[in-house]
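From first to last, the protein sequence lines are chains A and B.
Every number in my numbering is 38 more than the matching position in the first sequence, counting from 1.
Every number in my numbering is 510 more than the matching position in the second sequence, counting from 1.
No wet-lab data here; the hints were simulated from the structure.
Ideal Cβ placement from N, Cα and C applies to all residues, glycine included.
Do not rely on the hints blindly, as some may be mistaken.
[As the list claims (entries may be wrong)] Computed beta-carbon distance windows for the label pairs:
1. A/E77 / B/D808: 55 to 61 Å
2. B/V782 / A/A161: 53 to 59 Å
3. B/G528 / A/E188: 37 to 43 Å
[Stated by the list, open to error] No farther apart than 25 Å at their CA atoms in a straight line, the calculated lysine to aspartate or glutamate pairs in the DMTMM-like style are these:
4. B/K873 / B/D800
5. B/K873 / B/E685
6. B/K873 / B/D802
7. B/K918 / A/E179
8. B/K619 / B/E668
9. B/K873 / A/E188
10. B/K918 / B/D536
11. B/K656 / B/D579
12. B/K656 / B/E571
13. B/K623 / B/E571
14. B/K918 / B/E668
15. B/K918 / A/D181
16. B/K619 / B/E877
17. B/K656 / B/D588
18. B/K623 / A/D107
19. B/K873 / B/E558
20. B/K619 / A/E188
21. B/K619 / A/D51
22. B/K619 / A/D113
23. B/K916 / A/E179
24. B/K619 / B/D800
25. B/K619 / A/E179
26. B/K873 / B/D808
27. B/K873 / B/D811
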Amino acid sequence: MSELEAKVATVQDQVSESAQVARLVRFHEVMTFLNREAELLDRNLLREWLDECVGETINYFMPVRAAGDEYDVDDVLGHFNETRSSLAHRVETMVAPSSYANRPPSRTRRLVSNIRVGDGPEAGTLAVTSAVALFRNRYNETDFDVLTAERRDVLAVGGDGFRIVDRLVIVDLSTLGTDNLALFL
Amino acid sequence: MTDLDVAVDPGSGVVPDGTGVADLVDLEARSISARTWHDTEVFELEQERLFSRTWLFVAHESEIPEPGDFVARHMGLDPVIVSRQRDGSIAVMLNSCSHRGGQVCRVDKGNAKDFACPYHGWRYDIGGGLTVVSAQREAFPPDFDKAAHGLPAARVEEASGLVFACWSAEAPSLEEYLGDFGFYIQMMLGISPDGWEVIGSPQRWEVKANWKFGAENLSGDGYHVAFVHAAEEEGGRFPPGLLWQAMYGINVADGTYGHGGRLQGAAEGDPVSVEQVQEVLQVMHPWLSDADARRALDALDPRQIEMMRSGTYPLLGNVFPNFSFVVNPIPGPHGLGTTTFIRTWNPRTPETMEVVNWVIAPKGISEEERRLVAKRSVNTFGSSGTFENDDMEAWTQIQRSTRGGKGKDRRFQYHILRDPDPTDWRDGEDFPGPGLIYQGIATEDNQWHFWKAWRRYMEP
Chain A
39 MSELEAKVAT VQDQVSESAQ VARLVRFHEV MTFLNREAEL LDRNLLREWL DECVGETINY
99 FMPVRAAGDE YDVDDVLGHF NETRSSLAHR VETMVAPSSY ANRPPSRTRR LVSNIRVGDG
159 PEAGTLAVTS AVALFRNRYN ETDFDVLTAE RRDVLAVGGD GFRIVDRLVI VDLSTLGTDN
219 LALFL
Chain B
511 MTDLDVAVDP GSGVVPDGTG VADLVDLEAR SISARTWHDT EVFELEQERL FSRTWLFVAH
571 ESEIPEPGDF VARHMGLDPV IVSRQRDGSI AVMLNSCSHR GGQVCRVDKG NAKDFACPYH
631 GWRYDIGGGL TVVSAQREAF PPDFDKAAHG LPAARVEEAS GLVFACWSAE APSLEEYLGD
691 FGFYIQMMLG ISPDGWEVIG SPQRWEVKAN WKFGAENLSG DGYHVAFVHA AEEEGGRFPP
751 GLLWQAMYGI NVADGTYGHG GRLQGAAEGD PVSVEQVQEV LQVMHPWLSD ADARRALDAL
811 DPRQIEMMRS GTYPLLGNVF PNFSFVVNPI PGPHGLGTTT FIRTWNPRTP ETMEVVNWVI
871 APKGISEEER RLVAKRSVNT FGSSGTFEND DMEAWTQIQR STRGGKGKDR RFQYHILRDP
931 DPTDWRDGED FPGPGLIYQG IATEDNQWHF WKAWRRYMEP
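With the rest of the complex left out, here is chain B:
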């Protein structure tokens, strides 16, 4: 079952110059307009319709363990504060004073008793409630209602320690929003029986390319690996030919909200025993003791165990619109072992994004293992990661080519469709995991699901 074949909806969304959203993403031709990469009007519409209506990742729960702990983040272009409340819940509020909009939090992280605006001195409690209006008695009407002037608050929900926020009251719950995709996130993070924690502060850097390049890529672009990352074989990380193999695997998508991910392995033949799964997990993640590995396996869903017995492990993915993750053992100069990061691709301008990259480590592992997780993760992906360096080069080059009179009107097609052969191994209904399954050579179906969700959100 796929909803790729739905009838073309003419659409009513229109960017200010009169171009319809339906023209930017053509469902029938399976193509997008290059304008989606660089156009200012499209970018502004994204702020209004996409980033104000979707669930956006803002923090990992381990970053703010104690009441008053906070981090400053962005939801789209909006600066927000994410803070731990006294009852253990998490609040997310616009970092902008209700009086004139000054930022009430001006550092990236810390512990606060309250937040104060430097401009006129208004103060807010750690949940965003207005507590002090300077010279209230002298200068404000007696009926001024502080309770009506708190910082705008977002909805906040958590999944597997990941904290998401959403401005829209109409949006579905996070659980419904993640849908079938939540199963794969849970499987990815479930290999650590005690959960995960962020190491230090996230890496942040600005890339001269539109935010959607990253989001689309991590949705499941298995096609680019052997080409843009060829230096990983030439530099000795992988034996020749291995990256070509990486083109094969399993893509999963929720099919509704635009999430997509990729699983490694495409085992054929007889499933292995659970004990063998445990051995594989312990090779891939050397910090896993026998006891912890058994606890992790005991807590996983039987369908997740069945997938692992068939040699299928989660690899990477993107939660629409801009939260991506990779959990993958990658060999390299620091040995084989866990390489893990979670990240957001934050829009800054139509032609620039801020990448925020958190390295996460399993809770409770030794300091030595923690340092190795950091070293391996930094070596592969992130601001200096050798894989990522070359991705950035591709995306910034595309950005340069879509500015001109000819370039901006081009259309890019998502040609690679699901292998039509119905005998394909475990395709579709036979696969133990939920969602839409694309097995075999990497297709562009996942990216197309991303664009279809983008198109739906861009409609009014």
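This is chain A alone, in the form it adopts within the complex:
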């Protein structure tokens, strides 16, 4: 190996190392964002969730499942078919004094894991897949409603952090085991 070739190899190693570091940093930032999102939702800070996590435009969709559909999910009817304005409307209804489904609030715990981060469909976006397990308890009951799902997100990367601009929630139940969806996944 010539001296020049050795120098090139060293630079390549450094570039590759810094790319790896950049990927790790990016992964850590995404994980921190998803954990922060879970925290806001678990604390019932719904307006804050909308402000900090949801893009000015969003397609938020949780398709209905059927036994035997595998991953061929319906593209029109969901448990949620939401836009930014309809999410905002839901939030305003859920924080209202007479929102009986959310007052008293459920105690929820969202466990987010299996995070994978890739390039998004457009420059300045990331494609993020994660798994979420939501435990929901109401009143003084001793048991939990459990919802688990895969989430496929597109995050827009901006100066003040990430915003979700697309979320597909592939829930693992064809018949949901909770009384209502006065919650977000």
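We have chain A; now place chain B onto it with these hints.
Frame of chain A, contents of chain B only:
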């Protein structure tokens, strides 16, 4: 004319602990026992006497357009297959092998050439006829008659694209069963001249409450709207005071089989022109073109037109026992326009129900309008609907309160009677539509009709 005042029948139906059905629903006191909400014996009796003798909604015809198309559904607790036959008819059969009862269909929907039991390999054609008995020659007697071992089949009839099935040979036809109530279903669905189709698969979720809470509510509970749904004003969907107005309207009931529904509007003053009706319809249902609106109006019954000219449009209802519907333009974040769903409240246990909620859209509308119908419907009612979220909270709370030694023996009264003032607008005979009419502040007569039918069916 009302049959609310019939003499009290002592009744001969008895739940196994000796309590009479007549005690569970007391016609004289107009009260029901809390046992009807949670009791296991009552629940089992419902399976035997109610769900095996009434017409039950199983599918919308648009879900299974081609021969071999099927959906798996429930009639009460019984799993059934609903499948399109080669001649275009629809068959409904018990999803349970004639040999040992294994389920021959194990997915929710699809297209099948036949149905096979995984346990011992028996096979059935799409109409439920037994076609293959494994090792028949080697192991079965030579006179084994396959024709006698098909899947148990239910009677099947359709009304306005809605497919109903019934296990009882003695039950009346669907047309007779729906009676005067069929007129309002037809009026509701008649605004789309080419009919309706289901969008995707139904939402399904399990609620920790007895199935009758939903059925009774959609029979015409106009009383709860301003209270349990108050968040809809606070959250900005409606201006303050509008929900209170929703307490006024017109309830209709067939008076015989326990169906009940609610119409919006209670117009007073001069009727508007048919052209104005068309304008109103097109505001409420933006997908309606001028030509389609005229075709729809041309096909409606003159009495239905007369009702609309007076500002009265169908809103919601329940076909006894557990099929409900809403067709209603509701404002919201996706704009004003059609919000439509049909649904069943399926019993699962005495204290849980499965809600199956189909969103339906008019046939032939644009993809954009179809998506809007889905968005609006999901936003209001259904698994995440902001209205429905709060209904569920009320029903699950009632369920919790009727379990205890004191709570289970309570009786709930249906106090609110028809306004006795005979000068009430268009009450009774002057109303263009058929059936029993309750106009003004929402009464509990419709719910009471539900309970009276329930009581009759629970008798042997």
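Hint check, failures only: Numbers 3, 9, 12, 14, 19, 21, 24, 25, in rising order.
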